[in-house]
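Asks: Letter by letter, the chains look like this.
There are 4 protein chains.
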Amino acid sequence: MKRIGMLTSGGDCQALNAAMRGVVKALVNAAEEVEIYGFLEGYKGLIYGNYRMLTGADFSGILTKGGTILGSSRTPFKTIQEPDENGLNKVEEMKHNYYKLNLNCLVILGGNGTHKTANLLREEGLNVVTLPKTIDNDLWGTDMTFGFQSAVNIATDCIDCIHTTAASHGRVFIVEVMGHKVGWLTLNAGIAGGADIILIPEIPYDIDKIVEAIDRRSKRGSKFTILAVAEGAISKQDAKLSKKEYKEKMKNYKYPSVSYELAEQIKEKTGQDVRVTVPGHTQRGGSPCPYDRVFASRLGSEAGNLILKGEYGFMVGIKNREIIKVPLEDVAGKLKMVSPDASIVQEAKMLGISFGD
Amino acid sequence: MKRIGMLTSGGDCQALNAAMRGVVKALVNAAEEVEIYGFLEGYKGLIYGNYRMLTGADFSGILTKGGTILGSSRTPFKTIQEPDENGLNKVEEMKHNYYKLNLNCLVILGGNGTHKTANLLREEGLNVVTLPKTIDNDLWGTDMTFGFQSAVNIATDCIDCIHTTAASHGRVFIVEVMGHKVGWLTLNAGIAGGADIILIPEIPYDIDKIVEAIDRRSKRGSKFTILAVAEGAISKQDAKLSKKEYKEKMKNYKYPSVSYELAEQIKEKTGQDVRVTVPGHTQRGGSPCPYDRVFASRLGSEAGNLILKGEYGFMVGIKNREIIKVPLEDVAGKLKMVSPDASIVQEAKMLGISFGD
Amino acid sequence: MKRIGMLTSGGDCQALNAAMRGVVKALVNAAEEVEIYGFLEGYKGLIYGNYRMLTGADFSGILTKGGTILGSSRTPFKTIQEPDENGLNKVEEMKHNYYKLNLNCLVILGGNGTHKTANLLREEGLNVVTLPKTIDNDLWGTDMTFGFQSAVNIATDCIDCIHTTAASHGRVFIVEVMGHKVGWLTLNAGIAGGADIILIPEIPYDIDKIVEAIDRRSKRGSKFTILAVAEGAISKQDAKLSKKEYKEKMKNYKYPSVSYELAEQIKEKTGQDVRVTVPGHTQRGGSPCPYDRVFASRLGSEAGNLILKGEYGFMVGIKNREIIKVPLEDVAGKLKMVSPDASIVQEAKMLGISFGD
Amino acid sequence: MKRIGMLTSGGDCQALNAAMRGVVKALVNAAEEVEIYGFLEGYKGLIYGNYRMLTGADFSGILTKGGTILGSSRTPFKTIQEPDENGLNKVEEMKHNYYKLNLNCLVILGGNGTHKTANLLREEGLNVVTLPKTIDNDLWGTDMTFGFQSAVNIATDCIDCIHTTAASHGRVFIVEVMGHKVGWLTLNAGIAGGADIILIPEIPYDIDKIVEAIDRRSKRGSKFTILAVAEGAISKQDAKLSKKEYKEKMKNYKYPSVSYELAEQIKEKTGQDVRVTVPGHTQRGGSPCPYDRVFASRLGSEAGNLILKGEYGFMVGIKNREIIKVPLEDVAGKLKMVSPDASIVQEAKMLGISFGD
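Here the protein sequences line up with chains A, B, C and D, keeping their order.
For the first sequence, my numbering begins at 71 and goes up steadily by one.
For the second sequence, my numbering begins at 71 and goes up steadily by one.
For the third sequence, my numbering begins at 71 and goes up steadily by one.
For the fourth sequence, my numbering begins at 71 and goes up steadily by one.
In case anyone wonders, no lab produced these hints; they're calculated from the structure.
Check each hint, because a few of them may be wrong.
Same chains, same label: a pair holds when it works inside one copy or across any pair of copies.
In the SDA-like style, the derived pairs of lysine to any residue whose C-alpha atoms are separated by at most 25 Å in a straight line are [unchecked claim]:
(1) K379 <-> D400
(2) K406 <-> I388
(3) K419 <-> R241
(4) K395 <-> R73
(5) K321 <-> E338
(6) K337 <-> L110
(7) K160 <-> Q342
(8) K114 <-> R241
(9) K251 <-> R345
(10) K293 <-> G119
(11) K293 <-> A101
(12) K289 <-> E102
(13) K251 <-> D343
(14) K389 <-> L405
(15) K406 <-> M214
(16) K406 <-> G383
(17) K406 <-> R391
(18) K310 <-> P326
(19) K293 <-> G126
(20) K419 <-> E103
(21) K406 <-> P274
(22) K293 <-> R122
(23) K419 <-> I394
All chains should be built: construct the whole structure from the sequences, respecting the hints.
Replies: Pasting the structure below:
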């Protein structure tokens, strides 16, 4: 008999349910007796002992369902170690609930922040298996995270829609794509959507290079230019600022996001009308795409397998198309960024896409 | 032999190409010799004699293509009667080009503003047939405009995506839907997306009623509330302002749009986290949905039929599922709004949807 | 306090859940105390007293869900009046269960066959309200049925996909569309998908006219021809057969369906390669499109309203964009067919589409 | 100055246009003077000197367009070496046209058969670069082929649609998925669509194991079972037949495809109603998914790069997420099959999916 706690933490994304279904199916099909404790709203549920027992029926029909049946919340790593408003030690409460329920292990689905806390729990002696969930694809140790490809699809749809309008009206359009501090999502959606300019955090931009690229298109007779801009895109000047200087600058930042600043600069320098579109949270919603469903199911199934074998302390990821296990201590706190020298970037440049550098 | 001028004016939308294809197919299949002069970028093309000859091949494969192969531009009615920067009288130039090319008629695809100018050209003696293009569905004299249903689909997709995130995170989400000064798009996307609160220009809202609706949901155990807010939504107080007072107020308006003001108010009054999503121009892009393709093809085909019969001065529309012709002078300058007493509004209220009134 | 029985009968389709949700929301929001008895698998559930109590929670989140949460089954009208294998009188059993549960009324969602039985139950004294569910759109008394537009979308997607292949390979492609004995679905998907030839039951075809249309396209340089063929399409010769003669013919029919017979004939007469695609049951599956969600929600809401007012014996339908009630005795047993003279058919012909007549 | 011939051969698929656009963009952006000769309808165009000159404009806007702007045809390898009906030596004609046009190289997009011919042309001394196009993903030497993921999406959509109907009606449903002689497409669509049973050519099935799996589901209370069946699925008995015996058997095969035979057997052995759906050619149609657009663009761009460097005789593929070049002689004639021991198969089994083995 296995007693498994499960929780989803951080921003939600597609295929969370598919992944959990995979874990549970693998355990149940191994004819293990298994009890699933679903902690509600991420680590909060574990801290405050807020859970519900889940049965096979809870996992039926959720392969295609977006969001998470457990709910989620953001519990930043740095606040995890601080006491809550009533003075409770959160880490101790999580350990307390883990032992009180006599759990064999915790299955934790989340992104970067989530993995830091998961690793902390491992260090504190809990058995933990994690699954790499994020539309940002920024988790170290795995080629891919689930949610990413579904988010690429939505962001690309958005660029596709803008494309027809842009072609009809002849303007500059900026589509601001999510991705937190990394450029994977923007890079892929930008190439897929046929963006002319792609700006990502890893390759700081020079506004003059952007203007040049737009002018080059105008001269060639193209009436419109589409920019796919990562929410974390940054100019060369800003990239040179110290963390403190940057914070200072952002205090008085008058734009809702970098795209609006860019829009103003481009308008000023080219005289062209610029429109900004921000698909925002839609990028993490809706039904997971088939790629993510297969991928999350495979991950979940292998996570179940690890639990059956009693191997804990790993994130289940993918490397060269094979599902792998990665020690949690290797994952926690590391970002997987786009290298400016990555072949996909060079290929995009060969296609004529400008990165503003 | 018929010589037909054609142009698309105003914001682009889905099925413009499908409609033009319909007109041309109907003319060509009637074995009429026909020459199509496609004026580029809306009325501008007619004013400055900027056109290209179109053949059957130009209309092949465009049934499913978004945007407009002719390009478009916004030429507000009030500027049409003013001379351009070189002192040219725009109306005279349009007449001049019409007669110079010896056209039998103009086929004009556009929305409200476009129809005012089209009617002016009719009054000036030109033969005009128009087609009702707008995602706003605000054209008087027709039950439906093409582009509308495709835009409903995109806005609904957006609400669907937000739904999974909202359900996972438990917040208030606002999706701002296009529609200019009318609520058709928001009303339909809101019902289709399962929004809890729908705000449209025709039913000014009371912020306290909105807060009540959110609180009622919280009390019933619903962790999230989704608002579909028309870009033209207006509060009861603002609706009472004179046009001048309102303009004065908007001068110092600090929000990018009404949704952001609402978000702030809701946050303040409920303490809940509020997120705003603005799908924006994506709502007018992408491939037309099958409904719009059929509808635009029918309209185009009947417009071709009118031209074959030499009946001019009409907008081709739909009434009770039959394609009809409506005198241009009846259409121009009139808005079709959502009546607060419309049965669809009452039905939405029976479903438990609040309109904040 | 209202006690409502509910069942879905016949082939399933999109928006059944949306419609039921509408009914229940309208009743619950009217602050009526209401008990919902969901009979499982159509009339079978009512006959054998197989039901489960439904609460608001059962209707949460099902607006976008395909299929029916109650299950369905086909119970042909002619078998309803026959005793079952154990000698039970089915009609009496249904009445028995209705009275035993002390129901105020039955809400029945279904198509043509379903409505005959519903009307029989009305004649037997039960309170009945029905909702027009079918992808065929063949119900008399309503402009539209829910499921139809969603099925049009799927069939059109299918033609769209075939279009790219057809254009690449230069063959004749047949897409067989559902619709039972009427042509609505094929007609709309055919126009939306840009089919060159549309064959529907209401307009019997002449194979030679089809071959002519294909040859005409070849001569004009078109390398491919796409036919949208209704599953009920029929040749002029077959249409002249008596019911008995036709039955006799079909006994030895060697093709899986009419499309395969057509394919063989076209291949023989034109020498061209012909491919058949049969999307089949996919046309009734998947999430309802926004149009159907709005429409089904409106119908459900007005059905709830009728129940609140105690008005029974009606199908809730739509006429000229307004929701209406139609006496069940007027609906039962009548088909709504495509008139060969309908303006939409004439418009399709003006577009150059051949109906093989 | 480079003179490049280009052709697409075999069954069409998604992202052919995206890949060609990639090649041309890479060449043009390298500021090379380049002439593109697009041979029409595959090798036929090269044999008969049927081509058209392509400019940048031909590649504008085709990133998202399905099919191939060059047309395609199937020219089986074994017929390539036979003279045509007029006695022409096809290989010599291709060489003749290559040299007559003074080409620097041929870019050939195709699947297995195409690669055999491409390799032959290489052996004959022509400069050849190929791109791996097929929805079957069966090309040796590359982890992935373009078209595959788009086809997975369509097949999965189909299973999704069937899922709602199956759940409503409680039957056995078979969805027959393409893939030629390999199971990649069925395996992925089956997992993504939540199929209960997946049958692929690489794992011959035992009908009794299938029946067992269906019965096991029935006993657990599941009212339906969905099978994803590869068009090349084969029973254990048939797999044991010699090639000659199998051919003999298929001569008198009375079913349109294996799914219909299975349907009859399952019906006979379980008594349950079985429905077959064959999405067929739709799986190779429609707009490429974002994954395929990015992948094909990357491949095209690297193919352009090889041409610029004058490196010929390679297929451009992907290995461990990096674009690679594979000698054509290593690729030609080899199939990449699903290993029954592959981890993805084991993971699917852990999820409870039966492979009928």
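Asks: Determine for every hint whether it applies to the structure shown.
Replies: Verification of the hints:
1. K379 <-> D400: Classified as within; 21 Å inside a copy, 40 Å across copies.
2. K406 <-> I388: Classified as both; 14 Å inside a copy, 21 Å across copies.
3. K419 <-> R241: within (22 Å within a copy, 39 Å between copies)
4. K395 <-> R73: within (21 Å within a copy, 49 Å between copies)
5. K321 <-> E338: Classified as both: same-chain Cα gap 24 Å, cross-chain 22 Å, threshold 25 Å.
6. K337 <-> L110: Intra 47 Å, inter 24 Å, cutoff 25 Å: inter-copy only.
7. K160 <-> Q342: between (53 Å within a copy, 23 Å between copies)
8. K114 <-> R241: between (47 Å within a copy, 16 Å between copies)
9. K251 <-> R345: both (23 Å within a copy, 20 Å between copies)
10. K293 <-> G119: Cα proximity of K293 and G119: across copies only (19 Å, versus 59 Å in one copy).
11. K293 <-> A101: Between copies only: 22 Å across, 63 Å inside.
12. K289 <-> E102: Between copies, since 19 Å is at most 25 Å while 68 Å is not.
13. K251 <-> D343: Only across copies: K251 and D343 sit 23 Å apart there, 28 Å inside one copy, limit 25 Å.
14. K389 <-> L405: This pair counts as both: shortest intra-copy Cα distance 16 Å, inter-copy 23 Å.
15. K406 <-> M214: Classified as both: same-chain Cα gap 10 Å, cross-chain 23 Å, threshold 25 Å.
16. K406 <-> G383: within (20 Å within a copy, 35 Å between copies)
17. K406 <-> R391: Both, since 17 Å and 15 Å are each at most 25 Å.
18. K310 <-> P326: Within one copy, since 22 Å is at most 25 Å while 30 Å is not.
19. K293 <-> G126: between (55 Å within a copy, 15 Å between copies)
20. K419 <-> E103: For K419 and E103, the Cα distance is within 25 Å only across copies (18 Å; inside one copy 54 Å).
21. K406 <-> P274: Within one copy only: 17 Å inside a chain, 41 Å across chains, cut-off 25 Å.
22. K293 <-> R122: Answer is between: at 17 Å across copies they meet the 25 Å cutoff, but 57 Å inside does not.
23. K419 <-> I394: The answer is between: 18 Å across copies meets 25 Å, while 32 Å in one copy does not.
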